[in-house]
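Quick note, the sequences are listed as chains L and B, same order. Going by this note's numbering, the first sequence opens with residue 3, and the numbers climb by one from there. Going by this note's numbering, the second sequence opens with residue 3, and the numbers climb by one from there.
Be aware that a few hints might be false.
Where chains are identical, the list cannot tell them apart; a pair therefore holds if satisfied intra-copy or between any two copies.
SDA-like mimics (lysine to any residue), calculated; alpha carbons at most 20 angstroms apart, straight line [claimed, not checked]:
#1 Lys458 <-> Thr92
#2 Lys57 <-> Gly492
#3 Lys199 <-> Pro167
#4 Lys458 <-> Leu16
#5 Lys199 <-> Pro83
#6 Lys57 <-> Asn260
#7 Lys199 <-> Gln213
#8 Lys457 <-> Glu385
#9 Lys44 <-> Gly492
#10 Lys199 <-> Arg377
#11 Lys44 <-> Thr92
#12 Lys57 <-> Arg276
#13 Lys457 <-> Ser5
#14 Lys57 <-> Ala381
#15 Lys57 <-> Asp465
#16 Lys57 <-> Ala411
#17 Lys57 <-> Asp168
#18 Lys199 <-> Leu165
#19 Lys57 <-> Ser47
Read the hints as simulated data drawn from the structure, not as lab findings.
Now for the letters of each chain:
Number of protein chains: 2
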Amino acid sequence: MDSRALWDRYRDWLYDDPPSGLRVDVSRMDITERHERALAAKFVSAFAAMDALEKGAIANVDERRMVGHYWLRSPELAPTPEITGAIRYTLTRILAFADGVHQGRIRPDAGERFTDVLTIGIGGSALGPQFVADALGSGADRLRPHFLDNTDPAGMERVFTRLGPDLATTLAIVISKSGGTPETRNGMLETAAAYAKLRLALGPHAVAVTQEGSQLDRYAVEHRFLDRFPMWDWIGGRTSELSAVGLLPAAVQGIDVNAILDGAAVMDRLTRVRDVRRNPAALLALAWHVAGSGRGEKDMVILPYKDRLSLFSRYLQQLVMESLGKERDLAGNVVHQGIAVYGNKGSTDQHAYVQQLREGVPNFFATFIEVTRDRDETALEVEPGVTSGDYLSGLMQGTRRALYENGRASITITVPDVGPRSVGMLIALYERAVGYYATLVDINAYHQPGVEAGKKAAASVLDLQTRLVTALRGRGDAGATCEQLAVEAGAAGDAETAFKILEHLSGNSGRGVARAPGSTPCNAVYRWVG
Amino acid sequence: MDSRALWDRYRDWLYDDPPSGLRVDVSRMDITERHERALAAKFVSAFAAMDALEKGAIANVDERRMVGHYWLRSPELAPTPEITGAIRYTLTRILAFADGVHQGRIRPDAGERFTDVLTIGIGGSALGPQFVADALGSGADRLRPHFLDNTDPAGMERVFTRLGPDLATTLAIVISKSGGTPETRNGMLETAAAYAKLRLALGPHAVAVTQEGSQLDRYAVEHRFLDRFPMWDWIGGRTSELSAVGLLPAAVQGIDVNAILDGAAVMDRLTRVRDVRRNPAALLALAWHVAGSGRGEKDMVILPYKDRLSLFSRYLQQLVMESLGKERDLAGNVVHQGIAVYGNKGSTDQHAYVQQLREGVPNFFATFIEVTRDRDETALEVEPGVTSGDYLSGLMQGTRRALYENGRASITITVPDVGPRSVGMLIALYERAVGYYATLVDINAYHQPGVEAGKKAAASVLDLQTRLVTALRGRGDAGATCEQLAVEAGAAGDAETAFKILEHLSGNSGRGVARAPGSTPCNAVYRWVG
């Protein structure tokens, strides 16, 4: 298609909402009116399913739960007055808590004010807060944000080293919906140990965000946490950013959470329109479906041309892949659905892998995220009449064109700036697009049946570790190979797991296990040294 | 396969090098002896091609260059005494420069010591330095590391805000092989403007790493930079981490660069062995080939179970995708090769997208990177006998098992720790594996013919911007639409690009372009307001 025809196609397909500044351009996707017609009936179902979901249907059938993230930014839409009230009351409490922290009414034991906030969570309890903290943080932050998002002890040590003595004036926010996520529990216990080194207790510096009555909730009561905020069973982890999970860390950091909620509410209205061409989320779902033939055949490469949006793709990895990566469709057929998501930021990623995007395996479509506003300060001209921001914009246009010329499809989403409203808009846009796409391909976007297997397997590994240590201790000075110890631990068939556990224990001093190399890598002899 | 058969397969295929602590386990890839036999002849070619490359063959035929990154850690292997001498001399100069900075002999105008280092580069001049700074930095760093890796003015403002008055004691390292990369040039000019606000000049705080005689080299001379270090034409950007590009930032940060070089040299020796089973890089190349049928049909998901290795996948995105993502094979046939790379870290990513990995579209293979050593400090028991590190290890084993049960393949690489030797080993391991894989699929791993198109298109966008501004100015108070202005700027066919340029200019105050909305999004009227 030549540039005149492309200009017609651009105008024909452009979604433009002047009040919010949102544009969605799918002109460089291979969408035709034939696709629109083919999916028209599916979209009728998708709009109906979304309407039912918003009205309180049991959209997560596995767990028999409602799916209510849209109510968070329009509480009046919630199906019961109790839910409406709970959302409003919790927001009020979050804002009051943040104000108390900022004003010094809520203060640490050993200081006048909290200076830092350490958010402890993983998955849906970390990716949203990290994205928002990075996108919207500034030199004017009321508290400096930090995160523990894993059970890597060296990673935690690094965060504590960075905090140094400021840990004494750090507010810890512990987030776990179930209250039993081991990575988060471990992060909390390591944090408690770090406070203890300063002769401080965790409780007077901590807040919990969790379901009422959970293990974490009880721990918070017992250890006299400063406060507790609710996670509701009608909010899934990957759509929890606009609940207390995301709002509390952002509010104490000093971010305008009301503006985030406003942006999301605006987008919710725009994405309720029952007309694919006039609904930006439906347009995205249509484009994704066409790109991957409704089977996830193309990866989604997310390229925001803005440093502050570089964590958006990590946030979307969870939202998209956990929602859409499903073995079975709604009828129980094995379908192996999903869309793989990756990307960091442009133009940086151009220098990493545009070579492959332009010339290599054509297994993707790109999504450019364009931000109109360049910067806060007056622009510097790097050449006469040309700024750094002009380069950023020109490189985006150039890459979009270079990909198109080689038959690589792309979507371009434009937002006016990276402010709290725009961030709320982007979150809500993708939440809705994922929901629509799930209906197009007949899957449930709101459960995650595949995540238990790894957790159970991990628990069995830790259980075997305990039995191996018992077996080792029982042998006294007499060492044994992993195969012998596996037998003694009642896991004769699983010498490999025993081997890996024993290698890990003996590779760390202070764990009581010595290792003498054998004639082959796998017949080393392990001995208990206490 | 049951767990006993898997244990046999594990031992049968395990690569183990006790002195370095490296293990590579491909037992969970679908490799058979049939694959080994089928690729045996290709591997003979791959070993021969690698030998020729190391001896100084013109391996980058497009640019008629040698490919010499292996010489950086074994200078005695370089094909000429001049190159051997240049490598040794440059390393000596890097170490002396870093020592001068640490001792205060090399110091800022307005302070006793440099406190921070700001590395300005993009692509191969940023991804390696960022990975190493993050993997090996610590509370004992001699200088705090910062990066500018894009031409986003707001992103740069954020870095300058973080630095604050410490910019006065910041060493700027400007890295551009060609010396003309616009993102890096812009970063340097914005940094010069930031120093100027403190009434300081860039030159006395800056070092350049570039090719002799380049635009940047001349700028450095003219502005009296503290020093200049060479980039050689026989080093490609994506394999430049162990040249001055990576060593200088690491050395001034206080990282033991000799240990990184030693680790790489050790790995180079291990990966020269002409026996696939006894060569960890050849094993990786074989596994990649089997996974994607030699056509990149499976994405490479990189999951290091260690926070400090979370930037490794970004580093590998460039190394793998820019090397392997090629349109044509060596005979000129159109092949569209490549392997898409993504991933962050485990167990964090389990909570983001293991749902899709286990149940969804089976378009990937995983690479687990396991680190034996958990932490520096004494371990905390989060349960009796169980540490955070045991959980990390157990979650990795559990996920590996859960993926295998569902027919998803994985590689597991084990390193003893995250120290400079291990980091050097990992870099060298993948450099070599990429080189071997390229021969297996008959492509050139050392050029990047596809990156120019986007740059040229970007330059034409900036050129059109200048002409549009001229046209606008010429009209005085009389506004015009993008279509009219495109005609006047001599780009009648490209109204779309004109539209996007004018929207960008008018969306930023101070750029002289006012916008009045039209009846449709694309017929707004723009006017010069100076």
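Alpha-carbon proximity context of Lys458 and Leu16, limit 20 angstroms: neither (47 angstroms within a copy, 26 angstroms between copies)
Identical-chain pair category, Lys199 with Pro167, by Cα at 20 angstroms: within (10 angstroms within a copy, 32 angstroms between copies)
20 angstroms Cα threshold - placement of Asp168 relative to Lys57: neither (46 angstroms within a copy, 54 angstroms between copies)
Intra- versus inter-copy proximity for Thr92 and Lys458 (alpha-carbon distance at most 20 angstroms): neither (34 angstroms within a copy, 53 angstroms between copies)
20 angstroms Cα threshold - placement of Glu385 relative to Lys457: Close across copies (17 angstroms), not inside one copy (55 angstroms); limit 20 angstroms.
Alpha-carbon proximity between Lys57 and Gly492, which holds within one copy, between copies, both or neither at 20 angstroms: Neither way: Lys57 and Gly492 sit 52 angstroms apart in one copy and 55 angstroms across, limit 20 angstroms.
Intra/inter-copy verdict for Lys57 and Ser47 if alpha-carbon distance must be at most 20 angstroms: within (15 angstroms within a copy, 64 angstroms between copies)
Identical-chain pair category, Lys457 with Ser5, by Cα at 20 angstroms: between (53 angstroms within a copy, 19 angstroms between copies)
Intra/inter-copy verdict for Lys44 and Gly492 if alpha-carbon distance must be at most 20 angstroms: neither (53 angstroms within a copy, 45 angstroms between copies)
Alpha-carbon proximity between Lys57 and Arg276, which holds within one copy, between copies, both or neither at 20 angstroms: within (16 angstroms within a copy, 66 angstroms between copies)
20 angstroms Cα threshold - placement of Ala381 relative to Lys57: Result: close neither inside a copy nor across copies, 48 angstroms intra and 50 angstroms inter.
Same-copy or cross-copy closeness of Lys199 to Gln213 [CA-CA at most 20 angstroms]: Cα proximity of Lys199 and Gln213: none, with 30 angstroms in one copy and 51 angstroms across.
Hint violations for this structure: numbers 1, 2, 4, 5, 6, 7, 9, 11, 14, 15, 16, 17, all remaining hints satisfied.
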